[in-house]
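Numbered continuously in my numbering, the sequence shown closes out at residue 670.
Wrong hints could be hidden among the right ones.
[Said to hold, decoys possible] Quick list of simulated restraints, FRET-style, between CB atoms: (1) T574 - L623: 26 to 32 Å; (2) K517 - L493: 27 to 33 Å; (3) D662 - E560: 40 to 46 Å.
To be clear, the hints were calculated from the coordinates, so they are not data collected in a lab. Nothing here was measured: the structure is a model prediction, and the numbers come from that model. Note that CB positions come from ideal geometry on N, CA and C, so glycine has one too.
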Amino acid sequence: MLNLLKRFLTLEAKNNIKANIPRIFSGQRSYSQCGEDLIVAFLLDSMGGPRARTYVDLGANHPFQLSNTAFFYHHGGRGILVEPDPYLAKVLARTRPRDLVIQKGVHVDGLGHADFFIMEPPTLNTFSKAEMERYVKMGHLVRNTVTVSLENVNDILSMNPSLDFMTIDIEGMDAEVLRSIDWQAHRPTCICVETLTYEKNNAPRKLTEINDYMFSQGYMLYADTYINSIFVDLDPWNRRFQN
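The task is simple: from the sequences and hints, build the whole structure.
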């Protein structure tokens, strides 16, 4: 039965696994929006066995709600949480003391500081003025605007050179951050990226250009929960049966 279940999950993963499958079959709690953490855990365990994981969370937001890394933290992992919102950064530092919390944003153009728009709800917080204005037109409020220090994404990744997992949710800037990464130096085994635009009245758009870019960098699309896409580095994926 166990082998049959593993074969079923592997088949579903190849066919863009749906969010409810890991929730039903894993027997473990998911903190992610659509079960992304359990999909990633299954993926990583299938390549190297269960163990405490290392991770970086760009745009960490809340320590547990809709978090792609809280599952790994509760299973002994540790990592880097990048969160520019001063309040949320304090909450993260208090509730996840084993993690390194960096209260900064990620720059893609060499600037040292930028305005950060704190929205209602805070899941829409963004550095992108265009995204902020789009959210306001939808009826969302800007609660505050703060000037935040920025850090180069490669410097952040250099703090942990052997990452199991990187998750990115930086409203409107995910693709830019990905394109600024030095992929020769930094190869997280698994990457989760938001690839669906947030819309209130119109149909959301799937950002297929992110998929194309990740393919060009040697990553495979392992699963898609519609909101997020999960990629795996092809080198360790192809070596998984050699260990």
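A quick look at each hint next to the structure:
1. T574 - L623: 26 to 32 Å: holds, 29 Å
2. K517 - L493: 27 to 33 Å: violated, 18 Å
3. D662 - E560: 40 to 46 Å: holds, 41 Å
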